[in-house]
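**Q** Protein chains in written order, with my numbering: chain Z, 1 to 279; chain X, 1001 to 1230.
These are computed hints drawn from the structure, not numbers from a lab. Ideal Cβ positions, reconstructed from N, Cα and C, are used throughout, including at glycine. Do not rely on the hints blindly, as some may be mistaken.
Partner residues aside, some chain X positions facing chain Z, computed with beta carbon under 8 angstroms [claimed, not checked]:
id, residue
1, S1036
2, L1069
3, P1070
4, A1072
5, M1077
6, A1082
7, T1084
8, R1085
9, L1105
10, G1113
11, R1134
12, N1136
13, L1140
14, Q1151
15, D1153
16, E1155
Single-letter residue listing:
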Amino acid sequence: MIWLLACATEEPIPTSADEGLLVTDLQSYEALTEAVPTLRDGAHGLIKLLAEHEVRGSHDDEAVSGSYVTKGTASLVVHGGDWYAVTARHVVLPNAKTEVLTLPSEEEGEFDEVFFDRVDGLGTEVAIGSLGVHATSFTFSQTADVAVLAIAEGDRNAVLAAMEPFANKPLRLAGGEPTAGAEVEAWGFPARTHPQVERVAISSVREGFFIVNRPLDPGFSGGPVLLSSGKAVGGIITRSDVDAGQSTVLVWPSLPLESAVHIESPGEGEFLGLAVTLR
Amino acid sequence: MLRLLALLACASDEEIETVDAVASDLYMLEDRGDQSPEAIARSLELLPSRDYADFVDLGTAYLWMGSYLPAAEAYEMAAREASTREEVVGALYNKTAALAYGQRLDLACDTAGSLTRLAPDSPDAAWLRFSLYRYNDDPLGALVAQDHLIQVDPEAAGDQVMDPVTAAVVLGSIAIIAGTYAYVRTVKLVPPSDRAEVVIPMFNAYTGLVETSVEATPVLPDLGRQLAVP
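Let's have the full structure, built from the sequences with the hints guiding it.
**A** Below is the structure:
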């Protein structure tokens, strides 16, 4: 602010500024009086996730690392008044068993391969929705492909602005046993922005998951499967097998979060013996 | 309303005659008289108390002088003095661009993120955010911003966004280049020497963001018009 005191007509042109005033904090502006939105408990809509993953490790006793960006889908779930993005774990966490990453080269159209003999650590930055909301914490299962990202009150409007609602009222989480032959809807973001809905049929039901009769495109991962009644979320899309022509869906109520890993964001934790950094 | 008249003064020659020519040429919100940007800046620096328009005009005077970080600071103060959400949005838009000109791309990206949260339906804000992330070599941020841009400006979808060269957005040696509609769309690292190329596209977007409730046919200034460079 020193430059504000300049008064002589021949004063030099100011070039520096108060660093604190260069930072933007929406809490600083009195004109902004936004109420924190609230929603009833249940599943409300679809949110696109983009994640930049980093894998750190070694190859031939030399440290190596690589990063890549993936996309997936989450459901906005309100539970006890708190807001969460529920998705597949592999959408928000890179593969801990990575042996090779194929990454775009600096040469256009070329690719480089990064080999790993051992993976020592994982890092991920997840953007929830197109306004780039960051989770306040990550909770993910050690055994099942599911993750829960907590959303701060101050980020609720940004999440709502980017959300594709399911219906005019919240959907129940589960509410019926999936049965073979039943038609269901798979929701996800295989396209760049707007979500897609695929009508598929349940071809097989097993303990904790069921199979649908179509391979779903990349980007559906973590998305919900709505039961045909359109009133309940039946599960989370976790795998797609093009060769087999089918996809796997985790049944919602059987998500084994009892042994979950919880990491405050940004923060560091441990997953399968590996150092994990999330933000 | 006076501010609007000043900003729209370039809409026609007839309107220009009704307001102070120097003030309108410099894109000041208030009539600052027949003064150079340096003189305007110094007079505003010495004011015992300043309001929103004073800080915006101070920032704009600094833009004309090429003092981009002090301009960003002045726009931040304008946002703090703002009485409406729209005024905050306008101030943050200009702050974002000023930070980009001042080579502070990380801060510019953060401010653009705040801006788009306040104005999620604004194509101008979305374009600016996307351009900043792209040139800050932030692949995740650029993809997220691209999603948002396509949501608010569907015509941006496809190769036009993936490859700005095909989107008729010129990638030159200047910092902010007016696109088809003379809005700020592309940011690069070296500011132009002609300050008009900084101020005019910035204030076209500013006007749209702040005066959204005013029903007026937007008339964009002729980019070929030669303004005196202070």
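**Q** Decide, hint by hint, whether the structure agrees.
**A** Comparing the hints with the structure gives:
1. S1036: violated, 10 angstroms
2. L1069: holds, 4 angstroms
3. P1070: holds, 4 angstroms
4. A1072: holds, 6 angstroms
5. M1077: Since the shortest Cβ distance to chain Z is 7 angstroms, the answer is holds.
6. A1082: Where the cut-off is 8 angstroms and the nearest Cβ of chain Z is about 4 angstroms from A1082 (chain X), the hint holds.
7. T1084: OK, holds: T1084 (chain X) within 8 angstroms of chain Z, min 6 angstroms.
8. R1085: holds, 6 angstroms
9. L1105: violated, 12 angstroms
10. G1113: holds, 6 angstroms
11. R1134: Violated - the Cβ of R1134 (chain X) stays beyond 8 angstroms from chain Z, reaching only about 13 angstroms at its closest.
12. N1136: violated, 13 angstroms
13. L1140: holds, 4 angstroms
14. Q1151: At 6 angstroms from the nearest chain Z Cβ, Q1151 (chain X) passes the 8 angstroms test, so the hint holds.
15. D1153: violated, 11 angstroms
16. E1155: violated, 13 angstroms
Hints 1, 9, 11, 12, 15 and 16, counting from the list given before, are not met by this structure.
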